[in-house]
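From first to last, the protein sequence lines are chains A and B. Residue 928 in this note's numbering sits at position 302 of the first sequence; the count goes up by one each step and never skips. Residue 62 in this note's numbering sits at position 58 of the second sequence; the count goes up by one each step and never skips.
Quick caveat, the hints were computed from the structure, so don't treat them as lab data. Certain hints may be false.
Label-pair restraints from in silico Cβ distances [as the list claims (entries may be wrong)]: (1) A:Gly651 with B:Ser142: 51 to 57 Å; (2) B:Gly19 with A:Ser835: 39 to 45 Å; (3) A:Pro715 with B:Gly19: 54 to 60 Å; (4) A:Val725 with B:Arg122: 34 to 40 Å; (5) A:Tyr752 with B:Ser6: 40 to 46 Å; (6) A:Arg965 with B:Ile20: 30 to 36 Å; (7) B:Ser142 with A:Asp834: 29 to 35 Å; (8) B:Ala114 with A:Ala958: 52 to 58 Å; (9) A:Leu740 with B:Arg58: 40 to 46 Å; (10) B:Ala114 with A:Asp834: 45 to 51 Å; (11) B:Arg58 with A:Val725: 15 to 21 Å; (12) A:Pro744 with B:Lys117: 37 to 43 Å; (13) A:Val895 with B:Ala114: 48 to 54 Å.
Calculated Cβ distances over 12 Å to all of chain B for the following chain A residues [as the list claims (entries may be wrong)]: (14) Trp724; (15) Val777; (16) Asn860.
Each residue gets a CB set at the ideal place from its N, CA and C atoms; glycine is no exception.
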Amino acid sequence: MADALSALFRRRGTKPWVGLALLAGVLLILPFMLAQAGTTWVRVTNLTILFALLALGLNIVVGFAGLLDLGYIAFYAVGAYAYALLASPHFGLHLPFWVILPMGALLACAAGVLLGAPTLKLRGDYLAIVTLGFGEIVRIFMNNLSQPFNVTNGPQGVTLIDPFRIGTFSFAKPETLLGLSFSGPIKYYYLLLVVMVVVIAVNLRLEDSRIGRAWMAIREDELAAKAVGIDTRNVKLLAFAMGASFGGIAGGMFAAMQGFVSPESFGLVESIMVLAMVVLGGMGNVWGVVLGAALLTFVPELLRHTVEPLQKGVLGRVVIEPEVIRMLLFGAALVLMMRFRPAGLFPSRARKREFAAGRGPEVP
Amino acid sequence: MSLLEVKGLEVSYGGIVAVRGIHLAVEQGELVALIGANGAGKTTTLKALAGMLRPSSGSVHFDGHAITREPSHRLLPRGIALVPEGRGVFARLTVRENLEMGAYIRHDRAAVKADMARVLELFPRLHERRAQVAGTLSGGEQQMLAIGRALMGRPRLLLLDEPSMGLAPMMVQKIFEVIRMISAEGVTVLLVEQNASLALQAANRGYVMESGAITLTDSAAALLASAQVRQAYLGE
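Model the full structure from these sequences, guided by the hints.
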């Protein structure tokens with residue numbers, strides 16, 4: 627990780643350790659600063675990191691391998707439900723998180739292969755339609771699998787999910803350490819931060835690896851990729867499997883943090899939101915994708931909390947519902963982005979070239 | 005034993021039999037041309053030999069090993085490389101990156117570096133444009149790049165699919181010069197061409213294909229002289 631980060635800073639021509647230390651410092655004290663404004667903001671930050679994890683997983687499929695996946699949220703759902711069912715009173719099971727989380731990742735990985743295998747020959751819009759259908763199938767399963775055996779508890783969802791616990795140390799309970807008070811969300815923040823650093827490191831390594839080059843070759847031209855000896859079938863399956871695993875891990879963490887899951891959280895809109903993060907930030911570029919996730923989770927929340935008080939202060943009453951303005955601004959931002967920076971905020975080098983060559987990618 | 009031995013190869017495309025049980029053999033070091041009209045099944049044959057299509061029956065042996073249903077990614081390590089029809093270069097990668105991709109299956113870095121230098125020497129045009137994006141090259145240069153990329157995999161048998169297609173006459177001459185050079189260096193070549201006269205002038209032996217079957221085979225010189233070939237493929 628340190629290698630990859632320092633390489634990044636070196637590329638930009640700054641002293642590597644100064645920038646890195648600064649970034650680490652800010653990230654370490656961030657939750658305490660946010661807690662001053664209210665625990666809500668720590669939760670929003672946690673959600674941001676969670677979506678960044680999801681977006682990084684989807685980036686492997688869409689950004690690296692060029693396979694348009696519109697049902698990605700399904701893997702998030704698999705991870706979340708795996709955790710919920712194995713650590714809640716629903717089945718009376720309370721397995722520890724370090725058992726379930728890898729299990730959820732494995733299950734999501736299997737789901738990824740299950741989706742990947744029959745769609746290997748599809749590309750572009752055809753693949754998008756099949757993956758979209760897959761996402762909906764998973765959601766509908768979660769919704770209806772309460773009969774004849776109650777597996778998922780249907781639309782009511784699963785409640786009272788266990789938080790992460792190591793012995794007597796629980797991530798849900800507040801604690802005071804060295805005079806600082808660590809609330810539940812702050813504890814999760816640090817955990818999420820560690821997971822994200824690991825996921826970013828894996829992504830950066832992947833991009834520069836042999837597999838990364840194989841993905842790029844497939845994205846560019848599948849026949850040519852075959853001609854240079856790439857096993858396109860396995861390499862594509864690997865992209866689906868790895869992307870899905872990351873989604874599964876994020877899903878498990880989501881379930882533990884919320885303490886509650888229901889099919890509502892795993893709809894098409896969520897899939898599109900994650901895709902928008904990848905596209906907005908710059909497909910294929912790890913840092914761009916993280917930024918995309920941050921903007922699309924944090925800014926809407928910021929708007930939600932400022933639009934209402936602002937209207938009340940200026941006009942004396944709420945003229946336009948914050949939700950409406952939020953989505954309006956969000957839509958406008960996306961349209962402007964696509965108009966002025968179609969390759970994303972921080973496109974990867976190869977992607978930039980693709981747009982410069984005047985040929986858009988298959989992804990909207 | 006021949007380097008490549010094909011017996012009773014049959015390939016179907018969604019119910020239509022495109023190649024009807026053909027026999028052919030290529031000896032070590034030979035340059036063999038497979039000629040025929042559009043739609044005769046030449047490209048299908050080549051794709052099946054390169055592992056891109058699965059034959060429905062028949063057998064293919066390479067260097068004594070049965071490789072009949074092996075996928076493309078297993079054939080390159082064995083030494084069979086295909087230069088696909090219509091070039092198929094990575095349009096948005098540079099010339100150098102394309103050549104590097106050609107060595108994807110290899111791990112001997114020093115030798116790859118040496119081969120890169122050799123290929124760039126073989127194609128001075130590519131050397132001039134090594135930092136240029138492949139999509140901006142001319143058709144002939146792209147064909148050179150596709151051949152160069154295949155050479156980066158150190159093939160023993162090079163399968164060339166219509167290398168002259170869509171190129172200006174000057175460029176076609178150049179490409180054939182290169183093919184002769186590669187052959188002279190000891191790489192065995194199986195060349196599929198519509199331009200029968202050029203292909204037969206370069207080749208040692210030739211096969212004539214018609215609606216999925218091989219109808220004629222002989223030395224290249226004999227085929228060039230044969231009345232049947234002259235009438236059907238050389239426009240006389």
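Outcome of the hint check:
For the hinted restraint 51 to 57 Å between Gly651 of chain A and Ser142 of chain B, the CB-CB distance of approximately 54 Å keeps it satisfied. Restraint check, Gly19 of chain B to Ser835 of chain A: a C-beta distance of roughly 41 Å satisfies the suggested window 39 to 45 Å. Distance hint for Pro715 of chain A and Gly19 of chain B: a CB-CB separation of about 57 Å, consistent with the stated range 54 to 60 Å. Distance hint for Val725 of chain A and Arg122 of chain B: a CB-CB separation of about 55 Å, inconsistent with the stated range 34 to 40 Å.
Checked against the given bound of 40 to 46 Å, the beta carbons of Tyr752 of chain A and Ser6 of chain B, roughly 42 Å apart, stay inside it. A hinted range of 30 to 36 Å is violated for the C-beta pair Arg965 of chain A and Ile20 of chain B, which are about 47 Å apart. Look at Ser142 of chain B against Asp834 of chain A: about 32 Å separates their beta carbons, and that is inside 29 to 35 Å. The beta-carbon spacing between Ala114 of chain B and Ala958 of chain A, approximately 55 Å, falls within the hinted interval of 52 to 58 Å.
The beta-carbon spacing between Leu740 of chain A and Arg58 of chain B, approximately 24 Å, falls outside the hinted interval of 40 to 46 Å. Between Ala114 of chain B and Asp834 of chain A the beta carbon distance is about 21 Å. The supplied range of 45 to 51 Å is therefore violated. For the pair Arg58 of chain B and Val725 of chain A, the beta carbons lie near 43 Å from each other, so the given range of 15 to 21 Å is not met. Between Pro744 of chain A and Lys117 of chain B the C-beta distance comes to about 41 Å, which sits within the given range of 37 to 43 Å.
Taking the beta carbon of each, Val895 of chain A and Ala114 of chain B are about 53 Å apart, inside 48 to 54 Å as hinted. Against the 12 Å criterion, Trp724 of chain A stays outside the reach of chain B, whose nearest CB is about 36 Å from its own CB. Annotated as non-interface, Val777 of chain A keeps its C-beta farther than 12 Å from every C-beta of chain B; the closest such distance is 39 Å. Interface exclusion of Asn860 of chain A from chain B breaks down, the closest Cβ pair being 9 Å apart, not more than 12 Å.
When held up to the earlier numbered hints, the structure conflicts with 4, 6, 9, 10, 11, 16 and fits the remainder.
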